[in-house]
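Visitor: Read off the chains here:
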Amino acid sequence: MLNEDRIILMTKMAAYENNEGKKNGMIGSYFRGDYIGLQVMKSIISATISFFVVALMFLFYDFEKIMSDIYKIDLLQLGKRVLLIFVIVIAGYSLLSYGVYSYRYSRAKKNQNLYSNHLKKLAQMYEKEVKK
Amino acid sequence: MGKLLVMKEQLKNIYSKYEVYIVPLLKFITAFVFLLQINSKLGYMNKIDNVAIVLIVALMCSFLPYNTIVVVGAAFVLAHLYSLSAECAIVAGCLFLLLFLLYFRFSPKDTMVVVLMPICFMLNIPYVMPLAMGLIGTPASIVSVSCGVVVYYMIEHINANATTILGMTDAVAKFRFVVNGLLNNNLMLITIAAFAVAIMICYIIRRLSVDHSWTIAVIASALTNIVILLIGDLMFDTNISIFGTIIGTVISIGIVKVLQFFVFNVDYSRTETVQFEDDEYYYYVKAVPKISVAVPVKTLKKINTQKSALNTVKPTQRSQVTSRPTSGTNSTVGSRTTVGSNTATSSRTISPTRQQTSTNSRPQQGSRTTGGPSSTIGSRSPGGTIDRK
Numbered sequence: 001m002l003n004e005d006r007i008i009l010m011t012k013m014a015a016y017e018n019n020e021g022k023k024n025g026m027i028g029s030y031f032r033g034d035y036i037g038l039q040v041m042k043s044i045i046s047a048t049i050s051f052f053v054v055a056l057m058f059l060f061y062d063f064e065k066i067m068s069d070i071y072k073i074d075l076l077q078l079g080k081r082v083l084l085i086f087v088i089v090i091a092g093y094s095l096l097s098y099g100v101y102s103y104r105y106s107r108a109k110k111n112q113n114l115y116s117n118h119l120k121k122l123a124q125m126y127e128k129e130v131k132k
Numbered sequence: 001m002g003k004l005l006v007m008k009e010q011l012k013n014i015y016s017k018y019e020v021y022i023v024p025l026l027k028f029i030t031a032f033v034f035l036l037q038i039n040s041k042l043g044y045m046n047k048i049d050n051v052a053i054v055l056i057v058a059l060m061c062s063f064l065p066y067n068t069i070v071v072v073g074a075a076f077v078l079a080h081l082y083s084l085s086a087e088c089a090i091v092a093g094c095l096f097l098l099l100f101l102l103y104f105r106f107s108p109k110d111t112m113v114v115v116l117m118p119i120c121f122m123l124n125i126p127y128v129m130p131l132a133m134g135l136i137g138t139p140a141s142i143v144s145v146s147c148g149v150v151v152y153y154m155i156e157h158i159n160a161n162a163t164t165i166l167g168m169t170d171a172v173a174k175f176r177f178v179v180n181g182l183l184n185n186n187l188m189l190i191t192i193a194a195f196a197v198a199i200m201i202c203y204i205i206r207r208l209s210v211d212h213s214w215t216i217a218v219i220a221s222a223l224t225n226i227v228i229l230l231i232g233d234l235m236f237d238t239n240i241s242i243f244g245t246i247i248g249t250v251i252s253i254g255i256v257k258v259l260q261f262f263v264f265n266v267d268y269s270r271t272e273t274v275q276f277e278d279d280e281y282y283y284y285v286k287a288v289p290k291i292s293v294a295v296p297v298k299t300l301k302k303i304n305t306q307k308s309a310l311n312t313v314k315p316t317q318r319s320q321v322t323s324r325p326t327s328g329t330n331s332t333v334g335s336r337t338t339v340g341s342n343t344a345t346s347s348r349t350i351s352p353t354r355q356q357t358s359t360n361s362r363p364q365q366g367s368r369t370t371g372g373p374s375s376t377i378g379s380r381s382p383g384g385t386i387d388r389k
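One line per chain: the protein sequences are A and B, in this order. FYI, in this note's numbering the residues of the first sequence are 1 to 132. FYI, in this note's numbering the residues of the second sequence are 1 to 389.
Hints are supplied without guarantee of correctness; some may be wrong.
As the list claims (entries may be wrong) - Below, in silico cross-link-like pairs of lysine to aspartate or glutamate (EDC-like), each with a Cα-Cα straight-line distance of 16 Å or less:
#1 Lys286(B) <-> Glu19(B)
#2 Lys109(A) <-> Glu17(A)
#3 Lys110(A) <-> Glu20(A)
#4 Lys286(B) <-> Glu272(B)
#5 Lys41(B) <-> Asp170(B)
#6 Lys286(B) <-> Asp34(A)
#7 Lys286(B) <-> Glu17(A)
#8 Lys121(A) <-> Asp278(B)
#9 Lys120(A) <-> Glu20(A)
#10 Lys12(B) <-> Glu272(B)
#11 Lys121(A) <-> Asp5(A)
#12 Lys12(A) <-> Glu156(B)
#13 Lys120(A) <-> Asp278(B)
#14 Lys109(A) <-> Glu20(A)
#15 Lys17(B) <-> Asp278(B)
#16 Lys128(A) <-> Asp34(A)
#17 Lys121(A) <-> Asp34(A)
#18 Lys110(A) <-> Asp5(A)
#19 Lys12(A) <-> Glu277(B)
#20 Lys12(A) <-> Asp278(B)
#21 Lys128(A) <-> Glu20(A)
#22 Lys109(B) <-> Asp5(A)
#23 Lys109(A) <-> Asp34(A)
#24 Lys65(A) <-> Glu272(B)
If you're looking for bench data, these hints aren't it; they were derived computationally from the structure.
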C-alpha cells in the first residue's frame, strides 16, 4: 500500500541525490585528509602551470633586454629569487585551497549526515509497516 | 504594489511549470547575445562572424551547462584575435588560462559573471553587475567581477588599436603593446577598484539587520561607485563621462531594484522529477512546489461605532485599511463574500479581494453588490464576522 509520508521523504531524498547528493557523495567517499590533500595537490599543479605561464609571458615581454643582458645576469641569484617567489605563490595558493576545501568537505559531510538520518527514518517507516 | 506581488507569484508559477523550456531559452538568449557582441566588437574571422553559426552555437549552448557559454565565448574571442594577430591570441589565451586555473576552479558558478560583465559594458550599464553581485554574492565576487572587467578592457583595447597592431611587424613589439594596454590601463584599474569597493559596501550593508537594508546597500554602493570613478578620473585623467556615469548608475539602480523584486527575493523552486523504487513499487514522482498566487486583500476595520450609522459605510469613516496576501486564486478568494450586518457590533471586517470597489461602496440593509459582479454584502446574524462561500 502507498504510504504518503514515505513517498514524500523518498522524493526529497531522490531530489537531493539528483542534485547536490552526487557531488557530496563523491566528496564523502574520501577521508578528510585524502580529499583535502588531493584538492591541494591539484591547486599546486594549477598554480605551477599559472606561474610558468606568467614567467614565460614576462620572458617574452622583456625578451630583447634579457638576451642583451644574458651574460651580465647572475643566474644563480636570479634562480634563487624566482624559486623564492614560486614558493611564496604556491604556499599562499595552497593555503587558500586548504581553507576552501576544508569548508566544502565539512559542509558536504553535514549534508551527507542529514541524508543518512533520512535513510534511518525511512527504514523505521518500513519497520513500522511490517509490524502492522 | 499588490499587482506587482501578484505578477511575481505568477512569474514563479510560470517558471515552475515551464522551467524545462525557460532555462534552455535563457541560456540560448545569453549565448546568442554574448556571441553576437563578440562578433560585433572583434569580427576579424569571417568564418565565425556569421549569424547562422552564432545561432547554431547558441542553440548548442542552450542544452549544455552554463559554463559552456564561457568556454565557447573564449574560443570565439581567441579565434577572432588569432585572425588579427597570433600575439594578441597568445595574450588573451594566457589570460583565460590564468582565470580558469586560478579562480574558476574554486567557483565555477561565478563564470557567468565574466559573460555578463562585458554584455553589461556593451549595453552601457556596467554598474548593474557590482550592485547585483553585492546583493546576491559574497566578497569573492570581487574576483569574478574584476575578471569580467579585465576581459572587457582587453577586448576593447585590442579592438581600438587593431590598425596599430596590424601595422607592427615585430612579434615582441605586438606582444608588448597588448600587455602594456592591459597593465597601463588606468581606467580599467579604477573601474576594478570602484567595483570592488561597491561590492564590499553593498555586501556589508545588505547583511545589516536594519529596515530596507537592501535598498540602502544598493544606493550606498552606487554612490560610492560614482565617487571612486570621479576621484579616479581626477587623479588619472581617464576621461570618464560624469553625466554618463550618473545616468548609467541611476538606470542600474532601477534595473537592480527590478531584479531584486522579481529575481533575488523569489525562490524559484525547481520542479523535481525523480524516480525511485522500493520492494513493492516503482515511483515516478513529479514534485511541484506549492504555488499560492497572492491576491491583495484590503481589510476594512472599525467602520462606525454609532448605532445610527451602523449600516452605512462612508469612505471618510474608514479608520484603517490594510493589505494582506492570501492563498488561493482570484477565482476562489473573494468570489462571493458576505459581510455581516449587525446592530450590536462596533467593528466589522471586510476582506473581499475587490477591495477598492467594496470599500468605496455604501451598503444599505439587505443584499447588494459591492465588489463587481461576484461580491455581495448581505445581512447576517450577530457577530459581524465574514463568511466566504
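Visitor: Which of the listed hints are broken here?
Guide: 5, 6, 9, 12, 15, 16, 17, 18, 21, 22 and 24
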